[in-house]
Amino acid sequence: MTVSEEREGAGSPTVTELPDAVTIETEEGRLLAERLADDSRHARKLLEVRNLSTQFFTRDGVVHAVDDVSFELEYGETLGLVGESGCGKSVTALSITRLVSSPPGKIVSGEIIFDGIDIMKLSSEEMRLLRGRKIGFIFQDPMTSLNPTLPIGFQIAESARLHLGLSRKAADDRASELLSKVGIPRAKERMGDYPHQFSGGMRQRVMIAIALACDPMLLLADEPTTALDVTIQAQILDLIRSLSAEFGTAVILITHDLGIAAGMCNRINVMYAGRIVETGMVDDIFEQPKMPYSWGLLDSLPRLDEQKGARLRTIEGLPPDLINPGKECRFSPRCKYVHDRCRVEEPDLSAREGEGHLARCFGTEPGGWIK
Amino acid sequence: MLGYIIRRVLWIIPVLFFVSVITFTMMHLAPGGPWAREKHLLPSTVRLLNLKYGLDDPIPVQYLKWVGKLLTGDLGPSYKYTERSVNDIVGDGIGTTVHLGVMAFLLSIIVGIPLGVIGALRHNKLPDYVATFISVIGIATPSFVASILLLVFFSVVLRWFPTHGWDGWAKPGAMVLPTVALALFPIAQISRYTRASMLEVTRKDYVRTAQSKGLKERTIVSVHMIRNALIPVVTVLGPLLAFLITGSFIIETIFSVPGIGRYYVISIGQRDYGVIMAMTMLYAAAIAVLNLVVDVLYAYIDPRIRYS
Amino acid sequence: MANRTGALERPAAVSARSTSLWGDAFRRLIRNRLAVVGGIIVLGLLFLLFFGPLVAPYPYQEQHLKELVANDNKPIGPFTSGFLFGTDDLGRDILSRMMDGAQISMTVALVVQAVVLLIGLPIGAAAAWYGGIVDSILMRFTDVIYAFPDLIFIILLTVSLRDTAIGSAMNGVLLVFVAIGVVGWVGMARLVRGQLLSLKETEFVEAARAIGVSDFKIVTRHLLPNALGPMIVAVTLGIPGAILAEATLAYLGIGAQPPKASWGKMVVDGQQYLRSEPHMVIFPALIIAIALLSFTFLGDGLRDALDPKLKGKQ
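Protein chains in written order, with numbering that gives the first Met the number 0: chain A, 0 to 370; chain B, 0 to 307; chain C, 0 to 313.
So that you can see chain A by itself, here it is in the shape it has in the complex (with noise of 0.2 angstroms):
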């Protein structure tokens, strides 16, 4: 099989090949594919996802889960996807890995272009070589994720032995030392146990070395911490933070807790009813967010420095009937700055002050009504 990679962008190396004697299978075959990928690199990004849209047929009708979202990421950087459930966040990510099911999803249209590969062209079997491998992938439920009748160093080590081609010994060995990495104490001795025999905590960090078993180029973290205690919710993240940083891995980390992705992310893509509503650097969002959504969700966070016995402030009203999403801005029902403009027309994203900083709201926009 060779792997034909595609470049976009002015002035680079073009269509590389491998000589038909050396297939991605082979060890060899792998290396000289990462050697010719690395040299371009440097002048790309990791992920460009484009015009994405996902939808999902139902008896009750068409579901357009991620309505035409586009994103970057840049190699080793951590991005944080944030909104509320049923947002498309996790649909967006499960689009990346082309594990939406289908039926009833599909993704009907949009690129995604991961380390130059255009995934979308991708055969299925050659999809499935890129998961596990460059891919990663951490789910919420750590108490379900996690196959209950085998021992979790082998679910740890399955992935190494696929795609690395390890023996089972050297798969086993590197799996003890993840194990460890991620923190379970006396890892060499759990290798054996059953995922019901740690706990929540424990479990996903489980998951988190199987994630990273192959060490790939993407971590996917689908709210890794939200079935969690929130003392426990800290290591986790921190764990993410510094494996990811120790190992150059690029994060995307999907939650609907602001205050998470803050600690975590480099930059951070809002996300509401199936489109992202404001992008930019973390600091920006934080301190000059240009959406009203943003501000809804930043307010609701409660605050250590709030009186005792205030309300909890939340945003009212519900999320938008994806079923057939009109032509008007989809937060204009919630909105406390809602013009007549809102109700009829939506918004494009459009640049506001910060390095890439877009929002998706009129009354933001220069010369809008909002100050």
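Derived from the structure by calculation, the hints contain no laboratory data.
Every residue, glycine too, gets a C-beta built ideally from N, C-alpha and C.
In silico lysine to aspartate or glutamate, DMTMM-like type, Cα no more than 25 angstroms apart, as pairs:
{"hint": "1", "chain 1": "C", "residue 1": "Lys-259", "chain 2": "C", "residue 2": "Asp-88"}
{"hint": "2", "chain 1": "B", "residue 1": "Lys-203", "chain 2": "B", "residue 2": "Asp-127"}
{"hint": "3", "chain 1": "B", "residue 1": "Lys-215", "chain 2": "A", "residue 2": "Glu-125"}
{"hint": "4", "chain 1": "A", "residue 1": "Lys-335", "chain 2": "A", "residue 2": "Glu-345"}
{"hint": "5", "chain 1": "A", "residue 1": "Lys-105", "chain 2": "B", "residue 2": "Asp-204"}
{"hint": "6", "chain 1": "A", "residue 1": "Lys-133", "chain 2": "B", "residue 2": "Asp-204"}
{"hint": "7", "chain 1": "B", "residue 1": "Lys-51", "chain 2": "B", "residue 2": "Asp-87"}
{"hint": "8", "chain 1": "A", "residue 1": "Lys-326", "chain 2": "A", "residue 2": "Glu-83"}
{"hint": "9", "chain 1": "B", "residue 1": "Lys-215", "chain 2": "A", "residue 2": "Asp-140"}
{"hint": "10", "chain 1": "A", "residue 1": "Lys-44", "chain 2": "A", "residue 2": "Asp-117"}
{"hint": "11", "chain 1": "B", "residue 1": "Lys-124", "chain 2": "C", "residue 2": "Asp-299"}
{"hint": "12", "chain 1": "A", "residue 1": "Lys-120", "chain 2": "A", "residue 2": "Asp-214"}
{"hint": "13", "chain 1": "A", "residue 1": "Lys-335", "chain 2": "A", "residue 2": "Asp-282"}
{"hint": "14", "chain 1": "B", "residue 1": "Lys-215", "chain 2": "A", "residue 2": "Asp-114"}
{"hint": "15", "chain 1": "B", "residue 1": "Lys-124", "chain 2": "A", "residue 2": "Asp-59"}
{"hint": "16", "chain 1": "A", "residue 1": "Lys-105", "chain 2": "B", "residue 2": "Glu-216"}
{"hint": "17", "chain 1": "A", "residue 1": "Lys-187", "chain 2": "B", "residue 2": "Asp-301"}
{"hint": "18", "chain 1": "B", "residue 1": "Lys-203", "chain 2": "A", "residue 2": "Asp-140"}
{"hint": "19", "chain 1": "B", "residue 1": "Lys-215", "chain 2": "A", "residue 2": "Glu-124"}
{"hint": "20", "chain 1": "B", "residue 1": "Lys-215", "chain 2": "A", "residue 2": "Glu-33"}
{"hint": "21", "chain 1": "A", "residue 1": "Lys-44", "chain 2": "A", "residue 2": "Asp-114"}
{"hint": "22", "chain 1": "A", "residue 1": "Lys-120", "chain 2": "B", "residue 2": "Glu-216"}
{"hint": "23", "chain 1": "A", "residue 1": "Lys-180", "chain 2": "A", "residue 2": "Glu-76"}
{"hint": "24", "chain 1": "A", "residue 1": "Lys-44", "chain 2": "A", "residue 2": "Asp-67"}
{"hint": "25", "chain 1": "A", "residue 1": "Lys-187", "chain 2": "A", "residue 2": "Asp-214"}
{"hint": "26", "chain 1": "B", "residue 1": "Lys-203", "chain 2": "C", "residue 2": "Asp-299"}
{"hint": "27", "chain 1": "B", "residue 1": "Lys-215", "chain 2": "A", "residue 2": "Asp-214"}
{"hint": "28", "chain 1": "A", "residue 1": "Lys-105", "chain 2": "B", "residue 2": "Glu-199"}
{"hint": "29", "chain 1": "B", "residue 1": "Lys-215", "chain 2": "A", "residue 2": "Asp-171"}
{"hint": "30", "chain 1": "B", "residue 1": "Lys-79", "chain 2": "C", "residue 2": "Asp-162"}
{"hint": "31", "chain 1": "A", "residue 1": "Lys-120", "chain 2": "A", "residue 2": "Glu-33"}
{"hint": "32", "chain 1": "A", "residue 1": "Lys-133", "chain 2": "A", "residue 2": "Glu-110"}
{"hint": "33", "chain 1": "A", "residue 1": "Lys-133", "chain 2": "B", "residue 2": "Glu-216"}
{"hint": "34", "chain 1": "A", "residue 1": "Lys-133", "chain 2": "A", "residue 2": "Glu-71"}
{"hint": "35", "chain 1": "B", "residue 1": "Lys-215", "chain 2": "A", "residue 2": "Asp-172"}
{"hint": "36", "chain 1": "B", "residue 1": "Lys-124", "chain 2": "B", "residue 2": "Glu-216"}
Which chain B residues stay away from chain C? Per the calculated CB distances, all over 12 angstroms, these:
{"hint": "37", "residue": "Ile-5"}
{"hint": "38", "residue": "Gly-53"}
{"hint": "39", "residue": "Leu-54"}
{"hint": "40", "residue": "Lys-79"}
Given chain A, put chains B and C in place with the hints provided.
This is chains B and C only, laid out in the frame that chain A set:
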């Protein structure tokens, strides 16, 4: 887990005790003694017979004696075939019955599980409909109906197999129809449960995790899914084993297989109460032990129970 | 039960057109074609239960000796004039006998399930409600019965009582009901207990207690109606087992005695004529299978209709 096993083993005792009481009581509820049907016997002969078999002892004494004998493995006398004890009769036929049962069991697993797995994996497509159809037929058709239909079709019409004449491996042809007839219902049940279980497993999160690791579908099914799917299926094995035992009554009768099942049916018709009682206890004990084995197996293969 | 909370997660996406629990369930049931077919057949069988003798072409025990002799003393084949499914070796019309058999089977179905409910429901409810020692004792008791293989127990019962007064009542049919019902209540008791246990801890029970509603009223007015769904399903799905048990007993020579025409008995009678006049066996066998399938499909459909979560389709 050891505690669990011990408790389960101990549990058999009250069950068998209860069964023995019920069996004994029932048989003695039947009006008239074992000689009631034989009109030609003189009253004095009847009295002698009762004496010989201890039938004029008070009931509780009879019960205790009976249980005592059972515990030493003495199944008692047959009232119809006075020269042979139940032990003799059982000894003759039990090998055959077990042989038939084991073969039917193996057949049902070899056919049932793949049928269920394929049905689940090709959900709502042709293989699924075929598998479901087979299992529905298997469940809805009583074993005697199935046996007769098989007999008619394969023995009378096609003449592929004989209608009777079981002789173990000496006559492999004669083993086919009885085994298939007995296995029909278990195949249907196993495939149904396997299919349902696999479908559930398909929706589990850890399957998605396996996919995200980039594993081949074949690997995901065989390494991750099947072992989880088969665990609930084990729970249905207990009733199935019981079915194989009670089903043998009918199958052996229809196909003239010389096992103890056929003999049980005959003794029911002949009102040979000694045999009925003894064999009932035998069956009850066998089923209790088999259920125990299944329960222990279940606890063993589920790591969540084994290591807890 | 129908999942109302599902509606809260995506309020606008789900249109509000469904009304009551039962209305919902009924609509779902209708959509299931197999269940509908099964239901129609079940209704047909019930009709035969009540009106069988009126509809049958001949009395089931009437022997048509003239026609028999005219046919060389052999059973008359199917689709001949006057005998749609032919006759048996005694000249009795098979179709009429099948209808009589339908009466027996349907009576077994209904009476047995009634017995099962009558015994199982109070015991299960008592076990769940009172808990503690009462529960332990009752559950141990049911466990022991449960461990005893059904068919053997039924056989024992019928064999031991068949020569008594009960055994002869209604040509042996009454005994069959009693035997099957006595064995079958255990499953229902467990089901009821399980359902009530999970409902017992809910808050509205606490509230009712606090107000001073009597135990009995709580159980009957509040708890049982919620358990109704699974109970209906269990009753429906238990019927094939009962019919099968009756047919098996008849086949073994226990149960309905001649000239009563149990389907099982018809099969065993016809067995000797398998090669020459297979119709004697085929028609009763077919109707047994059809009846079993119909109740099974109907029961499955009811279960899916009353709790779609169990079905697993999205």
